[in-house]
Amino acid sequence: MKQHLPDLQSRLTVNKVFVIKVHRIATLSLLLSLSILAVPVHAESPDVSLADMDGKQHHLSEYIGKGKWVFFNIWGPRCPPCVEEMPDLQDFHDAHKDKDAIVVGMALDYPSFGQADVEEVREFVDDYFITFPILLGNGRTIESLGGGMLQGTPTTLVYDPSGKLFAQQLGALNRKVLETFMTEQNKK
Numbered sequence: 305m306k307q308h309l310p311d312l313q314s315r316l317t318v319n320k321v322f323v324i325k326v327h328r329i330a331t332l333s334l335l336l337s338l339s340i341l342a343v344p345v346h347a348e349s350p351d352v353s354l355a356d357m358d359g360k361q362h363h364l365s366e367y368i369g370k371g372k373w374v375f376f377n378i379w380g381p382r383c384p385p386c387v388e389e390m391p392d393l394q395d396f397h398d399a400h401k402d403k404d405a406i407v408v409g410m411a412l413d414y415p416s417f418g419q420a421d422v423e424e425v426r427e428f429v430d431d432y433f434i435t436f437p438i439l440l441g442n443g444r445t446i447e448s449l450g451g452g453m454l455q456g457t458p459t460t461l462v463y464d465p466s467g468k469l470f471a472q473q474l475g476a477l478n479r480k481v482l483e484t485f486m487t488e489q490n491k492k
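With our numbering as the guide, the letters of the sequence shown map in order to residues 305 to 492.
Each statement offered as a hint is correct.
Below, a list of computed lysine to aspartate or glutamate pairs in the EDC-like style, where the Cα atoms sit at most 20 Å apart:
#1 372 - 402
#2 360 - 421
#3 468 - 404
#4 372 - 351
#5 360 - 423
#6 370 - 402
Computed beta-carbon distance windows for the label pairs:
#7 384 - 453: 17 to 25 Å
#8 475 - 351: 24 to 32 Å
#9 351 - 474: 18 to 26 Å
Worth flagging that the hints you see were computed from the coordinates, not collected in a lab.
Virtual Cβ for every residue (Gly too), placed ideally from N, Cα, C.
Start from the sequences and build out the full structure, keeping to the hints where you can.
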């Protein structure tokens, strides 16, 4: 039995190294996708109006083009990757809202991409202690924001401080990727 231990140990070490490399590749892929898609789609962001959970209308110009990066996250309360990324988005928002970036959420129904159920969204926001602005929309809203047809959730539109659409990311983001992105942008 002892002769097999070194072999098992070396396989475990190889597997651990493989997992670390796969994780690094996945993180790099997310970063690259943000930088590859970093092409302005509109000279200015469209001033779309969306309702919040209380029915009050908000123009995107209240958030976008105010000198901060805006991560406009399109999500659904029953979307598993959306639920997974929400704590990281909240932590990122808390760390940056008074400095250089904010998160704005737009909830929609998942998986239909139709209009979100207000009470379901409100319950989710309360359960997850979400404090960044949450607006309500549907799958067609992204087209009016310059992001084309909604391919899935979560989708994040990244607007630069001047209000130009800088990048679009399909899939969940984590805080590490967001922090790395901000570090790179703040170097410029």
